[in-house]
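J.: Given next are the chains, with one letter for each unit.
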Amino acid sequence: DAGVIQSPRHEVTEMGQEVTLRCKPISGHNSLFWYRQTMMRGLELLIYFNNNVPIDDSGMPEDRFSAKMPNASFSTLKIQPSEPRDSAVYFCASSLDLYNEQFFGPGTRLTVL
Amino acid sequence: AQSVTQLDSHVSVSEGTPVLLRCNYSSSYSPSLFWYVQHPNKGLQLLLKYTSAATLVKGINGFEAEFKKSETSFHLTKPSAHMSDAAEYFCVVRDSNYQLIWGAGTKLIIKP
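The listed protein sequences derive, respectively, from chains A and B. Start counting the first sequence at 1; every next residue gets the next number (our numbering). Start counting the second sequence at 1; every next residue gets the next number (our numbering).
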């Protein structure tokens, strides 16, 4: 298996632009998680899905952030409009279910100028 | 509520000497505990997990951890450090809502 796939690996954009991050979980995994990592705040859970349904989005910082999972093999995290303080590494992780360990993708390094 | 504390933000050891990364947790029930590793500019990789089976858990790359309920600890050890072990290590507890509660991380520095 290729593992969790994220794209793009790096994104540089200007303040105010829309940013879309993509994630393909490991085939057969039913749970998907979006995290953000910064030096200041460490690793933060933003939102997670189980069987394509959002379970908890309390970690999403603002209404500018939204996430979707239209099917079992694809999820997006969108920031609109983006701001410099959104600069971070965004990780997607998947697991067989909510009880099992999570497998992480390589991350997307987002820089908002 | 569950929580996890990594007692050292940085640990520095010489190559070939033992590694000890300390982790304490609080949980109102028998927890599931994990150690993850993150190499520079890389994603997070699972090292090992404890899920109420054997209290001594062996992981990848020669690491192991021992679950001690009386001490509420889950320290990570390795008998002999290698330069490739230099990374950041995260202790994680799974809470009653199945979310992972992450420690702040310990940076392991290996001196030649």
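Derived by calculation from the structure, the hints in this document are not laboratory data. Fair warning: there could be bad hints in the mix.
To be verified - Using 30 angstroms as the maximum straight-line C-alpha spacing, the simulated BS3-like pairs for lysine-lysine come out as follows:
id, chain 1, residue 1, chain 2, residue 2
1, B, Lys111, B, Lys49
2, B, Lys49, A, Lys24
3, B, Lys58, B, Lys69
4, B, Lys111, A, Lys24
5, A, Lys78, B, Lys42
6, B, Lys49, B, Lys68
7, B, Lys42, A, Lys68
Said to hold, decoys possible - Per the computed footprint, the stretches of chain B lying under chain A, defined by three or more beta-carbons under 8 angstroms from a beta-carbon of chain A, are:
id, stretch
8, 39-51
9, 98-108
Ideal Cβ placement from N, Cα and C applies to all residues, glycine included.
J.: Are the hints correct? Go through all of them and say.
T.: Evaluation of the provided hints:
1. B:Lys111 to B:Lys49: holds, 28 angstroms
2. B:Lys49 to A:Lys24: holds, 24 angstroms
3. B:Lys58 to B:Lys69: Holds, because 17 angstroms separates the two Cα atoms, which is no more than 30 angstroms.
4. B:Lys111 to A:Lys24: Between lysine 111 of chain B and lysine 24 of chain A the Cα gap is close to 38 angstroms, so the pair fails against 30 angstroms, i.e. violated.
5. A:Lys78 to B:Lys42: Holds, because 22 angstroms separates the two Cα atoms, which is no more than 30 angstroms.
6. B:Lys49 to B:Lys68: holds, 14 angstroms
7. B:Lys42 to A:Lys68: Cα-Cα ~25 angstroms, so holds.
8. 39-51: That given contact holds, which follows from 6 residues of the stretch 39-51 of chain B lying within Cβ reach (below 8 angstroms) of chain A.
9. 98-108: This one holds; 6 residues, not fewer than the three required, reach chain A with a Cβ under 8 angstroms.
Hint 4 from the list above is the single one not met by this structure.
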